[in-house]
Amino acid sequence: TSKIVVKPDKGLPSDYITVTGTGFAKSVQVGIGFGVEVPVTAETVTLVGAPGASVTGTLANRPVKPLTVTLTCDVTVTDGALSGPGTVSVTDDGAGVLAGTTTVTLDATTYTVDITGTINYATGAISLTATVTGGTSPTVTIDSATADYTHYTYDVTPLAGITTNATGSFEASITIPAILEADYGDYDVTAVDAKGNSATDTITVNYYVTVKPTSGPPGIKVDVSGRIEPAKPVEVKFGKGTLWVTAFATTSDAEGYFSGEYTLPTLLEVATYQFKAIWDTKERTAYFAVGPAPTITLTPASAVAGAKVTISGEAFSVLANVTVYFDTTVVNETTTDITGRFECTFTVP
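Residue numbers (the numbering used here): 54 to 402.
Calculated cross-link-like contacts (lysine-lysine; reagent style DSS-like; alpha-carbon spacing at most 25 Å):
no., residue 1, residue 2
1, Lys274, Lys329
2, Lys265, Lys293
3, Lys265, Lys290
4, Lys63, Lys329
5, Lys285, Lys265
6, Lys290, Lys274
Just so you know, the hints here were simulated from the structure itself, not pulled from any lab data.
Let the hints inform the model, and build the full structure from the sequences given.
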């Protein structure tokens with residue numbers, strides 16, 4: 054199964070991102086498209102080759118979505134003094150093979166014209182060969198072709214091209230295209246190989262703010278970072294509804310990055326709050342879920358020196374390191390699980 058992973062999963066125009074693919078055909082070309090599918094109708098294909106039954110050409114846009122190609126080919130059948138035109142509709146099978154057939158009648162004799170060929174979905178290159186049967190000694194030429202197919206908004210395939218290795222994997226560095234700020238949002242990145250294998254991942258092209266962790270109890274420290282326009286004063290606020298406080302203020306660097314930290318108040322109700330980055334007249338938001346205050350339980354609750362005690366914790370940060378102190382002495386260390394719980398033992402000094 055073909056699969057691609059785009060890292061990082063967010064960025065801005067002209068940023069480089071890495072696309073890693075697995076499960077594609079071995080040692081074949083791969084094209085990468087960025088954005089939504091774009092249909093093309095009646096595109097004139099320039100055919101290359103001496104006049105005859107075999108020609109090549111290249112579609113104007115790529116990569117091409119498999120199973121969307123229809124070539125309308127004008128042909129001429131000649132048998133001795135007889136000659137006449139025909140039209141063959143050629144379609145792709147999703148695996149790079151083109152085929153189509155039609156019949157042409159000359160002076161009450163029916164001729165069958167078959168066109169076969171290939172399409173490289175990554176490069177848009179096509180190859181066509183026509184054959185004709187019927188009559189005495191007919192010949193056929195492919196005179197012209199128009200194409201209907203689907204590609205993607207931007208072709209972001211590196212200029213050097215991409216070729217999979219012997220296991221069908223690849224890694225490529227692509228550039229996020231020049232998308233206008235009014236069109237910022239989530240975009241599909243699609244990789245298509247010459248044999249019709251394809252896979253899609255998603256990237257966010259937009260300014261953003263992120264928090265780490267994304268949930269936890271009151272009183273913890275939250276790391277806040279993001280990306281906006283370069284060299285802009287930015288204020289980061291924390292709150293919800295009509296209640297907001299300034300977490301910190303800073304200025305983005307030459308590439309638009311900024312960061313800071315904020316310690317949550319200890320008296321917060323359980324709810325979803327926001328970290329809001331504000332600059333000029335713009336803002337971006339990240340969400341933080343505040344849970345109940347953490348608690349610990351000791352079993353037993355009293356014991357003599359040398360006794361073993363179990364300590365259980367609830368509502369701590371998820372997957373966080375925990376240090377257990379007896380007064381000022383460290384007596385154990387552990388890690389919370391994905392629910393913010395932990396349990397360990399210690400010996401009373």
